[in-house]
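Trainee: Work the whole structure out from these sequences, hints included.
Here is how the chains run, residue by residue.
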Amino acid sequence: MTSAPILKLENLTMRFGGLAAVSELSIDVPRGAIVGLIGPNGAGKTTVFNMVTGFYRPTHGRVVFDGDDITGLQPHIICRSGISRTFQNIRLFSHETVLENVMIGCHVRRRSKWWSAPLGLPSFKEEEERIRRKSLDLLESVGLAEYAGETSSSLPYGAQRRLEIARALATDPKFLLLDEPAAGMNPQESQDLMAFIRGVQKRFGLTILLIEHDMKVVMGVCEYIWVLDYGVKIAEGNPEAIQSNQKVIVAYLGEEYVKYAES
Amino acid sequence: MNNRSRDLALNSLALAALAAFLYWAHTSFDGYKIQILNLIAVNAILALSLNLIYGFTGMFSLGHAGFMALGAYTSAILILPSAQKQMMWIIEPLIWPLSVMNAPFFVAVLAGGLVAAFFALLIAIPVLRLGGDYLGIATLGFSEIIRVVLTNLNFITNGALGIKGIPSYANLWWNYGWLLLTTFFIVRLINSNFGNVLKAIRDDEIAAKNMGINTFFYRVLSFTIGAFFAGVGGALLGSLVTTIDPMMFRFVLTFNILMITVTGGLGSISGSIIGSVVITVLLEWLRIVESPMTIGSFAIPGIPGMRMVIFSLALILIILFRREGIMGMRELSWDMLFSRGSRARNHDEEGEDRR
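Listed in order, the protein sequences are those of chains X and C. Heads up, the first sequence stops at 453 in the numbering used here, and the numbers go up one at a time, no gaps. Heads up, the second sequence stops at 1144 in the numbering used here, and the numbers go up one at a time, no gaps.
Be aware that one or more of the hints could be misleading.
Stated by the list, open to error - Computed footprint of chain X on chain C, listed as stretches where at least three residues anywhere in the stretch have a Cβ under 8 Å from a Cβ of chain X:
#1 1044-1051
#2 1060-1072
Unchecked claim - Cβ pair distances, simulated, as ranges:
#3 C:TRP885 with X:ARG323: 44 to 50 Å
#4 X:TYR442 with C:ASN980: 49 to 55 Å
#5 X:GLY262 with C:LEU969: 44 to 50 Å
#6 C:ARG1119 with X:ARG270: 30 to 36 Å
#7 X:GLY207 with C:ILE995: 21 to 27 Å
#8 X:GLY207 with C:LEU910: 34 to 40 Å
#9 X:ASN201 with C:PHE1044: 53 to 59 Å
#10 C:LEU969 with X:TRP305: 14 to 20 Å
Hints listed in this document are in silico derivations from the structure and should not be mistaken for laboratory results. Where is the CB? At the ideal position from N, CA and C, for every residue including glycine.
Mentor: Below, the structure written as structure tokens:
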């Protein structure tokens, strides 16, 4: 954690009417790490993701990515600056094939303009071919190459999760946000997912921030963890420190239960 | 690679077959049948343009009649001889630059498309912020506004009297030429990654934004290109029927195009072309039911409008039993034809030479 943080959240606050979904959240995400954001249901984790990726404009506070203030920019511009994400409930382009899903991810880095397509310019054809090859390579690296021609909605659940990550990687991100990647997975699938996330991080040299409820996954892959409860950061630290943190245990299990367990 | 050269050869063959068929039709069909063939081509252009907007980009637009009107009027004014313009505008004379402007047919049709595209761009910026049904209502309103404005701009459009005696340049060659151009343009766009981007916006706009796609830009783009070809279709239609007036561009016209697009299959290019063949022919063929007939001992007098009743029934059946239309989102391709064997080969050549 010596270099400058890749993502800085400064006093980030999001209010919906009278409800403060996230308040005064400050986080420094170290470059090149796998880190986690956890908390009970409704703690405001996904709201943080939505603010970082531009779907919500924060009520106040700043999002600084790689030294640039990206607070309140449009989602597609934030994506171009190098942040990509997956969704809690998978959002694939369901009528498109697996390959097309990844190719759509490549679009943000393309140079040729739309009118070069009907004209069939050589530069356009070259770029189409490059996008296709890059997408196939990505599918290869996430183990989905054999499904390239299938409709994305026909894939098994775990494969859809991996496809969503492959699609996010196609935008050439520096920073990847995963919203509950292990949701709905059985223990074996979660094990595979952990290895997969580590592999992706190494191979693409990314920083990964994940939201996750599966504590095995969180404690297994994250180097550093922030804990949110009712929109407020209640703890941060490495997995061991979080596991023994009294506030975190109370947030997850309730004060009553903790008192009961201690007595 | 092998497949690609095979497809190229087969496409050329299909094109040649289409040209031979048109040549044969041109020389040996009577005027009525030729008119139907012409209508098929124009309807196909219009259905394709609506399919780009609604089927591929998922924007429910009901403004097609408006764009067609813009294209039809623009091209009609450009191809009418100046002397005729002087005679026809009797309420108020046609204003100056328009009264002497003349252009060859191709340029006039192109101009019709461009005028439609220009107005599409103007309304797209406020209107495309809406989604779903709201967009449909807003574009429908726009289309009606165009019609009312055309009725009242006497010094440009000759008001409710309309324009008569438009030179009938739009023969089989022009119509099918423009259809090929339209199909080529849209197929190239849709089969590229830009087409994937449009479909991504249709499937999940939030995810599309998240993938770095400027969804507003691409929605405006698709809408404008669609309006361009609607304008082209309107221009050809004007020259085909030689008379245009504001009443021609009512909502029914949009509805007919929508029916073709939906019947063919939203999101299928070959579907739009097959749909326009089927619906155009069916609409003509169903005229039989409007003529007097005797079934057994019953004598039924001719009921005008009866074919629309039957047609509506057919539409209800489509919605009930085959909601995705004839083609769904699939395309007719050579690969598909070869794997299906001879069954699919019976489709007429209009559908075959698309890919």
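Trainee: All hints, please: hold or fail.
Mentor: Evaluation of the provided hints:
1. For the segment 1044-1051 of chain C, the stated coverage by chain X is not satisfied: 0 residues place a CB nearer than 8 Å to a CB of that chain, which falls below the threshold of 3.
2. Interface restraint, the segment 1060-1072 of chain C with chain X: violated (0 residues with C-beta to C-beta distance below 8 Å; minimum three).
3. Distance hint check: the CB atoms of C:TRP885 and X:ARG323 are about 58 Å apart, inconsistent with the given range 44 to 50 Å.
4. One distance hint, 49 to 55 Å for the beta-carbon pair X:TYR442 and C:ASN980, holds here, with the actual separation near 51 Å.
5. A hinted range of 44 to 50 Å holds for the C-beta pair X:GLY262 and C:LEU969, which are about 47 Å apart.
6. Evaluation of the 30 to 36 Å hint for C:ARG1119 and X:ARG270 yields a pass: the beta carbon distance comes to about 34 Å.
7. In this structure the hint that X:GLY207 and C:ILE995 lie 21 to 27 Å apart at CB holds, the actual value being about 22 Å.
8. Taking 34 to 40 Å as the suggested C-beta distance range, the pair X:GLY207 and C:LEU910 conforms, at roughly 37 Å.
9. Evaluation of the 53 to 59 Å hint for X:ASN201 and C:PHE1044 yields a pass: the beta carbon distance comes to about 55 Å.
10. Roughly 19 Å separates the CB atoms of C:LEU969 and X:TRP305, a value that falls within the hinted 14 to 20 Å.
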